[in-house]
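Number of protein chains: 2
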Amino acid sequence: MSYKERITRAAELMRDADIGALLLTKPANLLYFTGASQLCAYAIVSREGEVALGVPFIDLDDVSRRAHFDQITGFNDEVSMLHSISHLFHRFGLERARIGLEYAFLTKSREAMFTHPHSLPPDATSVDATPLVSELRMVKEEEEIELLKGAGRVAQAGIAAAIKAARPGASEIEVAAEAEHAMRMAGAESFYHTYVASGPRTKVAHGYPTYRVIEENDLVTVDLHPVCHGYSGDLCRTFCAGTPTGTQRKALELLLSAQQDAIWKAREGVGVRELEEAMHAPVKAAGLGEHLFGPPIHGVGIEFEEAPLPSGHAYFHGEGDPPPLRSNTVLAVGNCGLYMDDFGVRVEDTVVVTATEPVVLTDYARKLF
Amino acid sequence: MSYKERITRAAELMRDADIGALLLTKPANLLYFTGASQLCAYAIVSREGEVALGVPFIDLDDVSRRAHFDQITGFNDEVSMLHSISHLFHRFGLERARIGLEYAFLTKSREAMFTHPHSLPPDATSVDATPLVSELRMVKEEEEIELLKGAGRVAQAGIAAAIKAARPGASEIEVAAEAEHAMRMAGAESFYHTYVASGPRTKVAHGYPTYRVIEENDLVTVDLHPVCHGYSGDLCRTFCAGTPTGTQRKALELLLSAQQDAIWKAREGVGVRELEEAMHAPVKAAGLGEHLFGPPIHGVGIEFEEAPLPSGHAYFHGEGDPPPLRSNTVLAVGNCGLYMDDFGVRVEDTVVVTATEPVVLTDYARKLF
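Which chain is which? The protein sequence lines are S and E, in order.
As numbered in our numbering, residues 55 to 423 make up the first sequence, in order.
As numbered in our numbering, residues 55 to 423 make up the second sequence, in order.
Keep in mind the hints are simulated off the structure, nothing from the lab.
There's no promise every hint is true.
All copies of an identical chain are treated as equivalent in the list; a pair is satisfied when it fits inside any one copy or across any two copies.
Heads up, simulated SDA-like pairs for lysine to any residue below, C-alpha to C-alpha not over 20 Å straight-line [claimed, not checked]: (1) 80 x 246; (2) 80 x 181; (3) 80 x 260; (4) 80 x 247; (5) 304 x 128; (6) 80 x 284; (7) 203 x 55; (8) 58 x 269; (9) 338 x 131; (10) 304 x 145; (11) 338 x 314; (12) 338 x 130; (13) 80 x 164; (14) 203 x 265; (15) 203 x 264; (16) 338 x 111; (17) 304 x 338; (18) 218 x 239; (19) 304 x 253; (20) 80 x 165; (21) 203 x 59; (22) 421 x 239.
Working from the sequences, and respecting the hints, build out all of it.
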């Protein structure tokens, strides 16, 4: 990975935005800039391109082996962490600087901790660093795309296991068990929440698995988010534990056709809103527009949901409206479902934007009934 | 569960704190007050004891079946969610009220969304609701303790599977796979991150599993957090894939003796700091105080880490210093490790505080070497 280049580009953006340094604590951002993703740790990235890491003192050996940085500090507890940050702010001459914080990651309580006079010098101010970091992370390096491909393959192993397990008599939780086990054995170092929803529960926005037992002919929606070598996959499929109804078949066909339209249009220069419209148009034309729910497009990378975010979501996550797509942006296409009276269907794939044809990283069969 | 009683008590605390209503979006708090835990949903709890829920419109059927509330609204997207909140604030006469928000859960970006004039009336103000909700959730009802017992049993099934899997040649990720699969099959509807750290990695603060392959005689630390029927378990064990060294044996014995002292002292009226000191004292007496890391005590309930939080952590999570323990507070005891030059040991159990002897909910063998 080009950590040096990432830091150099971050420093350029900091100069443009009059930001003196970034104070990062979000594990995904620590991974991006230093190669090591840690809880309860921080990185200060200065506008001169220096990186100072702070970690629990017992992590010093482990992080020193794995991470890229110019200097590292070990701390004993939260108070000594704040003191070490304050010390670094003075060392970097940031007494009057604007410090970039992760407003879309820090809770209000934790933000208060970093803007407290114990850490932030009295004449320094804070500013949201979210758009700056997203600007960098949005376009992937080739090596990142290789890792995203790997995560896509692991997600496919998970879906295959879920389909095999989702027989009448099995609970949603048991289906999740098999999908997660298969992803782990295929190389998932972690995963975000697994969604397994069956029968009437396919009509919910976030279908965490429950004790519900799958019945003959139930639809089942499974959405998986494995993480491999720090990069995420995002893959959703809806299938049937038996024979679907004609209405269910038609709904899946309509949604699939909409999703394929959106995937095909995902190219350099196109806007996220255009992709959203591409996904909505066939469903609206069929008179079912009011049965759609969810923003159809979001970015995928270190996080399974990251910039570019859909415009509604973007605002709530500290991002601006996404710019036209650039090559090597990676998207999940299909993060919206078609929800009828008593069931829902949803299909989602991870796709690399290029100047020509989009490259689909999760190519498991979609038309499963 | 006594949802009605919880709401009544919340209303009393709101009157004491001059809070007009709570606006809750944290899934754990939605579960506590309504019985349904949802992402992208909100509950307004008024000081008159009324509960208004807002959910994605496709979730209306599902949530109406499961949740306790006085009224429910479906929304299409974030903007219509904010409008529905604003409408409810006016309906409840909260134009000039102090509204309790979850400062320890809301990111700064999302907090800005709820304090935006589109949702919060111009003369209303916001205040942190975290301590108020923690005050209620900290003492468990009998039914909650039964569920926590169940989660403890599931954690034990996970540890047993991990110990069986952690043979030389297996990767940390494979050990996590078996622990998680066993927890799912024993009834875990979800789990927080699984920690599996082996060999030199036992000396890290947050040991997420990696591709590292376990070697003969490695120590292995596994920390599990299953969720069953909405309630969490917290169980950590350190064991050996072979024969430990004398130093390792001594470290485990010392830590176990310290943990048992702290568990034995966990009774009504005792302070969290006293328990911390009980856990630190034998280690300090052995001259190894500077090898301890991590706050030894935290609460367990709907979340695997909740109030009472250790004093350092409490500040950063919007909580005050914890009051003396009350009966039916549930604690994890042992959330600190003893970290030597090239290994660490950690042992953690979930314990119910009573007026007399503490009740340990995770009673898997501790002296594993």
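Each hint tested on the structure:
| no. | hint | result |
| --- | --- | --- |
| 1 | 80 x 246 | both (15 Å within a copy, 17 Å between copies) |
| 2 | 80 x 181 | within (16 Å within a copy, 25 Å between copies) |
| 3 | 80 x 260 | between (24 Å within a copy, 14 Å between copies) |
| 4 | 80 x 247 | both (18 Å within a copy, 16 Å between copies) |
| 5 | 304 x 128 | neither (59 Å within a copy, 26 Å between copies) |
| 6 | 80 x 284 | within (13 Å within a copy, 27 Å between copies) |
| 7 | 203 x 55 | within (16 Å within a copy, 46 Å between copies) |
| 8 | 58 x 269 | neither (54 Å within a copy, 34 Å between copies) |
| 9 | 338 x 131 | between (55 Å within a copy, 17 Å between copies) |
| 10 | 304 x 145 | neither (64 Å within a copy, 42 Å between copies) |
| 11 | 338 x 314 | within (15 Å within a copy, 64 Å between copies) |
| 12 | 338 x 130 | between (58 Å within a copy, 16 Å between copies) |
| 13 | 80 x 164 | both (12 Å within a copy, 16 Å between copies) |
| 14 | 203 x 265 | between (32 Å within a copy, 18 Å between copies) |
| 15 | 203 x 264 | between (30 Å within a copy, 19 Å between copies) |
| 16 | 338 x 111 | between (57 Å within a copy, 18 Å between copies) |
| 17 | 304 x 338 | within (14 Å within a copy, 69 Å between copies) |
| 18 | 218 x 239 | both (16 Å within a copy, 16 Å between copies) |
| 19 | 304 x 253 | within (17 Å within a copy, 54 Å between copies) |
| 20 | 80 x 165 | both (12 Å within a copy, 18 Å between copies) |
| 21 | 203 x 59 | neither (23 Å within a copy, 51 Å between copies) |
| 22 | 421 x 239 | neither (26 Å within a copy, 30 Å between copies) |
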